[in-house]
Amino acid sequence: MMTLRTWEYLSGPSAWLFWPAIVTGVVVAGMCAWLSVIVVLKRLAFIGQGVSHAAFGGVGVAAMLGLFASTTATTSVSMGQFAVIAGFCLASALLIGKLSEKSGERATTDHADTAIGVILVGSMALGAVLLHVAQTRRMAAGVSWESVLFGQLLAVTWTDAAIAAGVTAVVSVALVVWRRPLMLTLFDRPVAEALGVRVKVMNLVLLALLAVATVSAMKLAGVVLATAMLTLPGAAALRWSRRMSAVMMLALVIGVMCVLGGVVLSFELDWPPGPAIVLVMVTVYFGARGTGARR
Amino acid sequence: MMQATATPAVSIRGVTLRYPGAEETALADVSLDVVPGEKLGILGPNGGGKSTLVKLVLGLLAPDAGSVRIFGASPREARREGIVGYVPQRVEAELGFPLSGRDVVTMAAGLRLGWWQRAGSVVKDRVDGALLTVNAMGFSEQPVGTLSGGQFQRIMIARAIVTQPKVLVLDEPTVGIDVAGQKQFAELIERLSRELGMTLLVVSHDLRTIASGCDRVACLSRTLHSHGAPEGLTPRVLAEVFRHDMASIFGDVHVDAHAAAGCSDPSHGHDHGQADAAPVQLRIEKKSAEDQR
Numbered sequence: 001m002m003t004l005r006t007w008e009y010l011s012g013p014s015a016w017l018f019w020p021a022i023v024t025g026v027v028v029a030g031m032c033a034w035l036s037v038i039v040v041l042k043r044l045a046f047i048g049q050g051v052s053h054a055a056f057g058g059v060g061v062a063a064m065l066g067l068f069a070s071t072t073a074t075t076s077v078s079m080g081q082f083a084v085i086a087g088f089c090l091a092s093a094l095l096i097g098k099l100s101e102k103s104g105e106r107a108t109t110d111h112a113d114t115a116i117g118v119i120l121v122g123s124m125a126l127g128a129v130l131l132h133v134a135q136t137r138r139m140a141a142g143v144s145w146e147s148v149l150f151g152q153l154l155a156v157t158w159t160d161a162a163i164a165a166g167v168t169a170v171v172s173v174a175l176v177v178w179r180r181p182l183m184l185t186l187f188d189r190p191v192a193e194a195l196g197v198r199v200k201v202m203n204l205v206l207l208a209l210l211a212v213a214t215v216s217a218m219k220l221a222g223v224v225l226a227t228a229m230l231t232l233p234g235a236a237a238l239r240w241s242r243r244m245s246a247v248m249m250l251a252l253v254i255g256v257m258c259v260l261g262g263v264v265l266s267f268e269l270d271w272p273p274g275p276a277i278v279l280v281m282v283t284v285y286f287g288a289r290g291t292g293a294r295r
Numbered sequence: 001m002m003q004a005t006a007t008p009a010v011s012i013r014g015v016t017l018r019y020p021g022a023e024e025t026a027l028a029d030v031s032l033d034v035v036p037g038e039k040l041g042i043l044g045p046n047g048g049g050k051s052t053l054v055k056l057v058l059g060l061l062a063p064d065a066g067s068v069r070i071f072g073a074s075p076r077e078a079r080r081e082g083i084v085g086y087v088p089q090r091v092e093a094e095l096g097f098p099l100s101g102r103d104v105v106t107m108a109a110g111l112r113l114g115w116w117q118r119a120g121s122v123v124k125d126r127v128d129g130a131l132l133t134v135n136a137m138g139f140s141e142q143p144v145g146t147l148s149g150g151q152f153q154r155i156m157i158a159r160a161i162v163t164q165p166k167v168l169v170l171d172e173p174t175v176g177i178d179v180a181g182q183k184q185f186a187e188l189i190e191r192l193s194r195e196l197g198m199t200l201l202v203v204s205h206d207l208r209t210i211a212s213g214c215d216r217v218a219c220l221s222r223t224l225h226s227h228g229a230p231e232g233l234t235p236r237v238l239a240e241v242f243r244h245d246m247a248s249i250f251g252d253v254h255v256d257a258h259a260a261a262g263c264s265d266p267s268h269g270h271d272h273g274q275a276d277a278a279p280v281q282l283r284i285e286k287k288s289a290e291d292q293r
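Residue numbers (the working numbering), protein chains in the order written: chain A, 1 to 295; chain B, 1 to 293.
These are computed hints drawn from the structure, not numbers from a lab.
Keep in mind the model is a prediction, meaning the values are calculated, not measured.
Each residue gets a CB set at the ideal place from its N, CA and C atoms; glycine is no exception.
Treat the hints with care, since some could be wrong.
[What the hints assert, rightly or not] Pulled from the structure, derived: some chain B residues nowhere near chain A, Cβ distances all over 10 Å:
1) Ala28
2) Ser31
3) Ser100
4) Ala108
5) Gly129
6) Thr234
[As the list claims (entries may be wrong)] Calculated cross-link-like contacts (lysine-lysine; reagent style BS3-like; alpha-carbon spacing at most 30 Å):
7) Lys200/A <-> Lys183/B
8) Lys200/A <-> Lys98/A
9) Lys124/B <-> Lys98/A
10) Lys200/A <-> Lys55/B
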């Protein structure tokens with residue numbers, strides 16, 4: 001029976017091992033789904049890619065600071081890891097923004113592409129070097145290359161779940177509080193500026209939200225696949241509706257269902273959960289392409 | 001010609017601006033008063049400083065020298081108080097967004113609400129009023145990406161007037177609009193001026209746009225070359241502002257050099273006020289009447 005293993009895992013004596021992962025998956029999926037609508041509409045997928053790969057550099061820095069020295073992390077160490085990696089991602093996002101704007105009065109796709117490419121490879125290389133150094137100094141017992149690159153959903157603790165829930169709450173509140181100026185800035189920046197919206201602040205808010213969401217998604221799907229969570233639910237939802245509110249709700253449902261679907265697949269077929277989630281999302285996206293209206 | 005009242009709607013005095021790193025000034029010693037309720041056209045070639053002037057009026061740039069006042073207030077204050085409305089060129093909006101025309105207008109109408117407040121019936125009534133004014137009720141529920149150039153422009157004008165500004169700045173409003181749309185645009189700005197008493201600044205490189213609905217025309221090419229009634233736009237003035245290459249400057253308009261050479265007297269009658277009419281004694285042809293999406 002296909003669903004038996006999932007049921008056994010979640011109701012058996014070791015169920016407490018899995019529930020933090022599932023709770024984290026659901027809250028992070030919801031947050032990323034909302035942001036994914038913005039990412040797709042503003043064509044920020046590549047920036048997301050740059051920021052998520054920058055997390056690898058952040059892991060390297062955190063390892064050098066001794067935050068991955070033990071296989072079990074205390075609450076303060078977990079929060080330290082998150083803060084360092086998120087800070088590194090945010091700094092990378094700001095640097096991408098700065099490098100993109102530097103080349104002229106307005107950022108062009110070419111300039112942004114170059115900036116993202118540079119930050120992406122630079123962070124990956126820095127992360128690889130620092131992780132290697134940390135490993136040779138025996139400071140990286142709590143982290144493996146594989147878990148950073150492809151996620152380690154089932155290693156998620158209740159502390160991680162609490163951090164993810166906190167981040168999701170902050171991101172959701174920010175999206176609700178700034179929904180009007182943020183949406184106007186995204187839709188028509190010159191008019192937003194003319195109407196007194198502080199568009200630079202709005203851009204910073206967006207980059208910060210993307211950075212913390214990326215770090216949260218990284219825990220589930222790793223730096224390589226985190227972008228999927230920040231792209232695919234929105235891309236699929238936009239195929240099925242042309243009303244913003246409906247798109248947001250659809251993306252939320254798609255994101256959460258794909259994470260749950262991926263977790264079930266990983267239980268049943270013994271697949272790694274991060275890639276399983278991403279494969280479900282990709283399948284749903286192609287399904288939406290096949291059945292939804294063309295944008 | 002209209003005379004300035006005590007407080008001009010827009011007062012530009014000795015404005016000079018040079019962008020950092022640029023060799024030439026974008027604007028040099030520009031002075032201009034716009035009286036309340038006036039429709040002023042600002043005509044100029046690309047790169048002539050029109051967009052810079054718009055940004056100065058909107059308070060998005062500060063001049064190196066001189067001053068800009070909107071009803072006596074600084075542009076920044078005017079922007080904060082919602083005195084100035086702005087209709088940008090269409091190309092700058094994200095048309096792939098899943099938003100209807102009504103959503104776009106509501107976004108501006110609800111911008112000053114607190115985050116905890118919902119856009120209630122007051123906002124809805126104002127949005128309805130703006131959509132009715134621009135005659136856009138029929139297509140206001142359609143996604144913006146499916147609207148024609150003329151329809152989308154009316155949505156953008158509704159968005160600009162929903163905050164009830166006193167001054168409305170329209171940047172290249174007829175780019176991508178077909179001939180019928182241009183005619184409707186001329187009627188619309190006339191109505192905004194007459195019924196709502198708005199002061200209108202219409203910025204364009206297109207002679208036809210400016211001449212068909214404005215009381216006065218300011219020719220801008222780094223400096224202000226003339227500002228008078230459209231009738232004063234003689235070929236000589238245009239040649240002075242736009243140098244020799246008028247056809248390329250006007251883009252979609254063809255200027256007949258022979259007609260220009262033979263018509264230096266502006267007193268001859270012409271059919272001012274219609275979109276298809278030649279506003280000065282030049283033969284003007286619209287090259288493309290396609291409604292671009």
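Review point. Closest CB-CB distance from Thr234/B to chain A, is it above 10 Å?
Key: holds (34 Å)
Exercise for review: Examine each Cβ of chain A, and state whether all of them lie more than 10 Å from the Cβ of Ala28/B.
Suggested key: Ala28/B is indeed farther than 10 Å from all Cβ atoms of chain A, at 20 Å.
Check your understanding: Can we confirm that no CB of chain A comes within 10 Å of the CB of Gly129/B?
Key -> holds (18 Å)
Review point. Is Lys200/A within 30 Å of Lys183/B, Cα to Cα?
Key: The hint is violated at about 38 Å.
Practice item. Classify the label on Ala108/B as holds or violated, using whether its beta-carbon is more than 10 Å from each beta-carbon of chain A. Key: Non-interface label on Ala108/B violated, nearest chain A Cβ at 6 Å vs cutoff 10 Å.
Practice item. Evaluate the condition: distance from the CB of Ser31/B to the nearest CB of chain A exceeds 10 Å. Key: holds (23 Å)
Review point. Is the straight-line distance between the alpha-carbon of Lys124/B and that of Lys98/A 30 Å or less?
Key: violated (39 Å)
Review point. When you check the alpha-carbon spacing of Lys200/A and Lys55/B, does it fall within 30 Å?
Key: It holds: about 17 Å lies between the C-alpha atoms, which stays within 30 Å.
Point to revise | Non-interface label on Ser100/B, tested against every C-beta of chain A at 10 Å | key: violated (8 Å)
**Study point:** 30 Å limit on alpha-carbon distance, applied to hinted pair Lys200/A and Lys98/A
**Key:** holds (12 Å)
Hint check: violations occur at hints 3, 4, 7, 9; the rest are consistent with the structure.
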